[in-house]
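**Student:** First to last, the protein sequences are chains L and Y. Take the first sequence: its letters are residues 506 to 602, numbered as in the numbering used here. Take the second sequence: its letters are residues 37 to 170, numbered as in the numbering used here.
Hints are not guaranteed to be accurate.
Unchecked claim - With a straight-line cut-off of 25 Å between C-alpha atoms, the simulated DMTMM-like cross-links for lysine to aspartate or glutamate are:
hint, chain 1, residue 1, chain 2, residue 2
1, Y, K86, L, D536
2, L, K530, Y, E136
3, Y, K167, L, D536
4, Y, K167, Y, E151
5, L, K514, L, D599
6, Y, K134, L, D585
7, Y, K40, Y, E136
8, Y, K167, Y, D67
9, Y, K134, L, D536
10, L, K530, Y, D50
11, Y, K134, L, E542
12, Y, K40, Y, D127
13, L, K565, Y, E136
14, Y, K134, L, D593
15, Y, K134, L, D599
Don't read these hints as lab results, they were simulated from the structure.
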Amino acid sequence: MFEIRLGDKGEVVCEGRLDASNAAKAQAFLDALAAPEVVDMARLEYISSAGLGVLLRTQKRLLQSGGGLRLVNANRHIRDIFRYSGFDRIFQIDDGI
Amino acid sequence: MISKRFQRSFDALDQVFGFTRRFYECEEVPDAERLVFDFCVEEIFTNFVKYNRGNLQDIELALDRSGDRVQVSLTDFDVEPYDISRAPAVDISLPLAKREPGGLGLQLVRRLVDELTYDYTNRQSRITVTKNLR
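Bound-form chain Y, shown alone:
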C-alpha cells in the first residue's frame, strides 16, 4: 500500500493524479480501470474539499492492490461525520429543464465500484472504494 497527503484544494488534483498514475504503472492497472479509479479519487477528494472548507488539514489518499482487487481510500481529518451513503440520490430520469448541476459525483462512484464504505473514527472521515479488475 502507498499513501500520501495532499493540500485541500482543487489545484492539488494534478499532483493527486500524478500519484495515482505512478501507482497504476507500478501495479499494471489496466488503462480503462485507471479512469474509473481517477474518477472515484477526484469525486471523493473534491467532496471533502467542498464540504469542509474551513479545514486546513491535508487529505490523505491511500492506494492498494491485492491480486485483482484494488482499494482506494481517502481520509479527511478533524471533521464532523458525513455519511455519503445517506446522501440523496439524483433523479437521472428528469428532463433537462428540471436537472440541476451537482450531487452526481458520489452517486456515480457508487455505480462504478464494487464496494463503498464510510468510516468515522476520532474525527476522521474515511471513504474506501474497492473494485475488482476484470
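Same shape as in the complex, but just chain L:
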C-alpha cells in the first residue's frame, strides 16, 4: 500500500511503502506540483531505490528553479538508506515540519 497526497500545510505526505510497483504514481504526483518543498515521511514505512529515483528526479527539476525538497520525519531505515545513498548531501533532512 502506498499513498501520496497534499497535507494541510501544503506538504507532500507519503504513507506506506514506496517501491518499484508504485514509483510511477509518486513521480506523476510530484511532477504535477510546480514547486513542492516538504515531503513528510512520518508514515512512510519503506523506500527502495525506485523511490530514491523519484526523489532524485524531483530534486534535479527543482534545482533549475532554485528550489529543493526538504525530507522530514523519515524513520531509521529510510535515514540509513539516505545516508548510504549520499542523499544526506543533496537533500535537507529534518526531524519535523
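Using the hints, position chain Y against chain L.
**Tutor:** Showing chain Y alone in chain L's frame:
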C-alpha cells in the same frame, strides 16, 4: 527453507512481500531487519526483471533462517550471466547536478548485508545475500 516462484513483473512485488512477511512472522525476524531483507529482495528481483525483459520465466525466491543467520536467494532462469559484483559503483559524493537515477540498488544491497554471492550454473543466475541478525 521456503521458496516460491513469482511472475517477472513489478506488479508481483505485493505478492513477493506477502511471502516474505509470512516468513518473517514464522521465523520471528525483528522488524528493523525485515525492511532490510525486503529492500534486498526488491532490488535483486527488479534487477532481474529489468535486465532480462524478453524472458518469460518466473523468478524464484528462497528464504532460510538458521540460528541468527538469514539467507535470501533469488534465481533467474534461462538467462545470460551477469555478475552484479562487477557492476560499476555509483559515486555518492557527486553534487546533485551530476547525480543520475539508477545503479544504486545493488550497491545498497551490498552495504546492508554481511555477504553477497553470485552463482551462474546451467543458464541460471542466483544471487544470495546473508545477514546475521543482531
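**Student:** All hints, please: hold or fail.
**Tutor:** Against the structure, the hints:
1. With a CA separation close to 23 Å, the supplied pair K86(Y) and D536(L) stays within the 25 Å bound.
2. The suggested pairing of K530(L) with E136(Y) holds, with an alpha-carbon distance near 20 Å, which does not exceed 25 Å.
3. Restraint check for K167(Y) and D536(L): the C-alpha separation of about 37 Å exceeds 25 Å, so the hint is violated.
4. Between the alpha carbons of K167(Y) and E151(Y) the distance comes to roughly 7 Å, so the proposed pair stays at or under 25 Å and holds.
5. Proximity of K514(L) to D599(L) is assessed by CA-CA distance (about 16 Å); at most 25 Å being required, the pair is judged to hold.
6. Of the supplied pair hints, the one linking K134(Y) and D585(L) holds, its CA atoms being roughly 22 Å apart against a limit of 25 Å.
7. Using a Cα cut-off of 25 Å, the hinted pair K40(Y) and E136(Y) is violated, with the two alpha carbons roughly 34 Å apart.
8. Distance check on the hinted pair: K167(Y) and D67(Y) sit about 14 Å apart at the alpha-carbon level, within 25 Å; holds.
9. Taking the CA atoms of K134(Y) and D536(L), the gap is about 20 Å. The hint holds against a cut of 25 Å.
10. Distance restraint check for K530(L) and D50(Y): the Cα-Cα separation of roughly 15 Å lies within the 25 Å cut-off, and the hinted pair is therefore satisfied.
11. This hinted pair checks out: K134(Y) and E542(L) have alpha carbons roughly 21 Å apart, not beyond 25 Å.
12. Note on K40(Y) and D127(Y): the hinted pairing is violated, with a Cα-Cα distance of about 35 Å set against a maximum of 25 Å.
13. Straight-line distance between C-alpha atoms of K565(L) and E136(Y) comes to about 9 Å, which keeps the hinted pair within the 25 Å bound.
14. Of the pairs offered as hints, the one joining K134(Y) and D593(L) holds, with about 15 Å between alpha carbons and a cut-off of 25 Å not exceeded.
15. Under the criterion of a C-alpha separation no larger than 25 Å, the hint pairing K134(Y) with D599(L) is consistent with the structure, at around 24 Å.
The structure does not agree with the numbered hints 3, 7 and 12 stated previously, though it agrees with the rest.
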